[in-house]
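There are 4 protein chains.
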Amino acid sequence: MSVHTSVRVRFCETDALGHVNNTSYFIYLEEARVQFFDYLGKRSGTDDWPFILVSTKCDFLKQAYFKQSLHVETTVKRIGTKSFTLMHYIKDTESDGVVAEGEATVVYYDFKKQVSEIIPDELRSKLEESYQLL
Amino acid sequence: MSVHTSVRVRFCETDALGHVNNTSYFIYLEEARVQFFDYLGKRSGTDDWPFILVSTKCDFLKQAYFKQSLHVETTVKRIGTKSFTLMHYIKDTESDGVVAEGEATVVYYDFKKQVSEIIPDELRSKLEESYQLL
Amino acid sequence: MSVHTSVRVRFCETDALGHVNNTSYFIYLEEARVQFFDYLGKRSGTDDWPFILVSTKCDFLKQAYFKQSLHVETTVKRIGTKSFTLMHYIKDTESDGVVAEGEATVVYYDFKKQVSEIIPDELRSKLEESYQLL
Amino acid sequence: MSVHTSVRVRFCETDALGHVNNTSYFIYLEEARVQFFDYLGKRSGTDDWPFILVSTKCDFLKQAYFKQSLHVETTVKRIGTKSFTLMHYIKDTESDGVVAEGEATVVYYDFKKQVSEIIPDELRSKLEESYQLL
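Residue numbers (the working numbering), protein chains in the order written: chain C, 1 to 134; chain E, 1 to 134; chain S, 1 to 134; chain Y, 1 to 134.
Hint data in this document are derived by calculation from the structure and do not stem from the laboratory. We treat Cβ as the ideally placed atom computed from N, Cα and C, and that holds for glycine. All clues given are correct.
The following label-pair restraints were derived from C-beta to C-beta distances: (1) D48(Y) - K82(E): 49 to 57 Å; (2) D59(Y) - S95(C): 27 to 35 Å; (3) K82(C) - D92(Y): 22 to 30 Å; (4) K113(Y) - G41(E): 54 to 62 Å; (5) S2(E) - D59(Y): 40 to 48 Å; (6) Y39(E) - S6(Y): 16 to 24 Å; (7) S2(E) - S95(C): 49 to 57 Å; (8) S125(E) - S95(S): 38 to 46 Å; (9) V98(Y) - K82(E): 41 to 49 Å; (10) T93(E) - E101(S): 29 to 37 Å; (11) S2(Y) - T93(E): 21 to 29 Å; (12) S116(S) - Q63(C): 29 to 37 Å; (13) F111(S) - S6(Y): 28 to 36 Å.
Some chain C residues well away from chain E (every beta-carbon gap over 10 Å; in silico): (14) S2; (15) K42; (16) W49; (17) L61.
With the rest of the complex left out, here is chain C (with noise of 0.2 Å):
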């Protein structure tokens, strides 16, 4: 189970070269991984968002540009005792060709204390359910 996220590329997400500036990505990809917590049942924005983002990466295959119809594809890479890792795929809709290959590697975290803690079972399950269909 992939999870689908639209993308609509705003002007002000291009810059002077005429592209969209490589900061816009990790937009889409904010909004891709908050989209997949909403799909694990976890609604981003609450009192008890139990995620922190420790490292993400992207690499830019192709140039974007304003107006091109994009959507960003996530699946789980990896799952371990208190972290995950997210693979996204930032495509072109028309040619369905990859145009940024993301990855985010997220730890179970509970804010108030500041720590993380271990992944329950019912997350792991339903993170499972992502990486099987890898």
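Go by the hints and put chains E, S and Y onto chain C.
Frame of chain C, contents of chains E, S and Y only:
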């Protein structure tokens, strides 16, 4: 007394038209406002932050570009009972020419109660100092 | 004829006060403007993009939050010789209540010559359609 | 020779979790990269800008906050035939503690031809100076 804020245009703040994107000016105005709040002795970002923005505008007189050295001059344009209006001049530092003019109306606000409050005398005096020298 | 633009608030568009940051509304206004330009038959981002923004403002009536479903309704408020002014209502989609009101004054502009030009009749007619139904 | 870039965290770069949003670090990394390109004698934003970013990552070691004084130290981690990798340490200026570690792989690129090219000797020498002192 006007408060000066230097601005380093960031590349991601430009857009595909080759100039600084309109949304970026509001980042600069926010930065100038924060610095003006510091001058007022109100450290923004703290728990008792007493200001909420109710309106802001920007007139774009000239296009601005990446690497251009800008600064913002901020003064008080109006002092009301529960609100005040700031005037911002975004200038090209080399020529001292005005690139854009901004305004911001700020309400004295209690975030816990979520209500506006009368500007206390001490703050009013501080605002008047900037107003006098407009 | 008003143009409707749906807005998905992104998490990075919130700030440490827990609400949508003021600068983010101008991103939404830009998106609405771009969509209005599409309606006008002017595809933004192209070489002959004929519009330059000379002024924009936003009145913040209510705070907006992450995950809130917003949309922008855009109409024409004023049609001049070389410029026109758009009116934007940013609304909460669920309640249809107005969250913020924006305005944008746009000049018909030749980027190559870097001069303003008279709005051609065809474009004026299209603007008038939105103006009539304001 | 490492290049130092000071960073002023802007309020709009925080998010509703109360800390600096992950996407903002990539703004700081871009700013550091631009300053490193200046050091290389390549003025970014010009017509013959010869660099394109192909990959970037950031490991978030500590949360950062509004008003925190940060700086980025940039050195060269790898020099290839047509590309090189920069290493960035984002540090808290007061404590000198590392807040985040970033990397960026940059290709020497001809935007007009849209092809990568071999790094010229003069540029390679300049990169080696930063590499030696890593």
